[in-house]
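Colleague: Sequence:
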Amino acid sequence: MRTIVSTIALGLALAACSSEPEAGNAAAAPELTQSVPPTSTAPAPSPVASPSPAASAPAASDKVLALEGLGDLKIGAAVPQGSSWAERGAQIPGGCRTVSSPKYESVYAIVTDGKVRRITVSKGSDVKLIEGIGPGATEREVRQWFGGFRAEPHKYEPAPAKYLTAPNAASGDPALRFEIGQDGKVSAIHVGTMPVLGYVEGCA
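Residue numbers for the sequence shown, in mature numbering (1 follows the signal peptide of the UniProt record, and there is no 0): -23 to -1, 1 to 181.
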């Protein structure tokens, strides 16, 4: 009986001794794991940078008519030297002149006192406002963007032809004015300052 008990005790002692190194190895395992480089050779994915507002903004187009002007032609400024804008065709005597450019079909500007006062875009031009409104757009499309514009009877065409003018046109700042034809579509868009903005026949 004593021999059996001794044998069991000896076995337990040996088991306890053999388990201590394993516990030590388990504690060291995390350090070994961290120091071993990953076996995969695939490159880590590159982070995707979010586009900045400047990068995502559409590029400015010289075919977009704005309150400031069109391309290098600016409301309130002189016609830029060396540009394609120049007087062409017959001119009305006096201080009011018109200039046009071969780059912009069916577009002309009115110049008084040496400064650009109005730019007019007519049928046949591919120039548009930033809203996408251009010659040929419907009156409904115009009013969706410019609902507060003041309507006036057209001087040369019967209703429903009309002028639609920005309510702040008399402020002295550049403003918009649309000509709507009898077909209910835009026949011309004017950008400029009063009183030239309201001229109904070129320089008159």
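Calculated directly from the structure, the hints in this document are not laboratory data. Keep in mind that a hint or two might mislead.
To be verified - Keeping only pairs whose Cα atoms sit at most 20 angstroms apart, straight-line, the calculated EDC-like set for lysine to aspartate or glutamate is:
| hint | residue 1 | residue 2 |
| --- | --- | --- |
| 1 | Lys40 | Glu82 |
| 2 | Lys51 | Glu116 |
| 3 | Lys80 | Asp90 |
| 4 | Lys92 | Glu108 |
| 5 | Lys80 | Glu45 |
| 6 | Lys100 | Glu116 |
| 7 | Lys105 | Glu45 |
| 8 | Lys105 | Glu134 |
| 9 | Lys132 | Asp150 |
| 10 | Lys40 | Asp103 |
| 11 | Lys51 | Glu64 |
| 12 | Lys92 | Glu64 |
| 13 | Lys92 | Asp160 |
| 14 | Lys132 | Glu82 |
| 15 | Lys162 | Asp90 |
| 16 | Lys162 | Asp150 |
| 17 | Lys162 | Glu129 |
| 18 | Lys132 | Asp103 |
| 19 | Lys51 | Glu82 |
| 20 | Lys92 | Asp150 |
| 21 | Lys139 | Asp90 |
What the hints assert, rightly or not - Pairwise CB distance ranges, derived in the manner of DEER restraints:
| hint | residue 1 | residue 2 | range |
| --- | --- | --- | --- |
| 22 | Lys40 | Gly66 | 33 to 43 angstroms |
| 23 | Glu45 | Glu118 | 39 to 49 angstroms |
| 24 | Gly59 | Ala136 | 23 to 33 angstroms |
| 25 | Gly109 | Gln68 | 28 to 38 angstroms |
From a predicted model like this one, the values you see are computed outputs, not experimental measurements. Note that beta-carbon positions come from the ideal geometry of N, C-alpha and C, so glycine has one too.
Colleague: With the threshold set at 20 angstroms, check whether the alpha-carbon distance from Lys100 to Glu116 stays at or below it.
Modeller: holds (15 angstroms)
Colleague: Are the Cα positions of Lys162 and Asp150 separated by 20 angstroms at most?
Modeller: violated (26 angstroms)
Colleague: Does Glu64 lie within 20 angstroms of Lys92 when you go C-alpha to C-alpha?
Modeller: holds (13 angstroms)
Colleague: Taken at face value, is the distance from the CA of Glu129 to the CA of Lys162 at most 20 angstroms?
Modeller: Holds, at roughly 15 angstroms.
Colleague: Taking only the CA atoms, is the gap from Lys92 to Asp150 under or equal to 20 angstroms?
Modeller: Between Lys92 and Asp150 the Cα gap is close to 14 angstroms, so the pair holds against 20 angstroms.
Colleague: Please verify whether Lys132 and Asp103 have alpha carbons no more than 20 angstroms apart.
Modeller: violated (25 angstroms)
Colleague: Against the 20 angstroms threshold, does the CA-CA distance of Lys51 and Glu116 hold or violate the hint?
Modeller: violated (27 angstroms)
Colleague: Verify the proposed pairing of Lys139 with Asp90, using a straight-line Cα cut of 20 angstroms.
Modeller: violated (29 angstroms)
Colleague: Would the hint linking Lys51 and Glu64 be met if the CA-CA limit is 20 angstroms?
Modeller: holds (16 angstroms)
Colleague: Lying within 33 to 43 angstroms: is that true of the beta-carbon distance Lys40 to Gly66?
Modeller: Cβ of Lys40 to Cβ of Gly66: about 23 angstroms, so the range 33 to 43 angstroms is violated.
Colleague: Within a Cα-Cα threshold of 20 angstroms, do Lys80 and Glu45 meet the stated pairing?
Modeller: Holds, at roughly 18 angstroms.
Colleague: Taking 20 angstroms as the top limit, are the C-alpha atoms of Lys40 and Asp103 close enough?
Modeller: holds (7 angstroms)
In the structure shown, a violation is registered for the earlier hints numbered 2, 3, 4, 8, 9, 13, 14, 15, 16, 18, 21, 22, 23 and 24, in ascending order.
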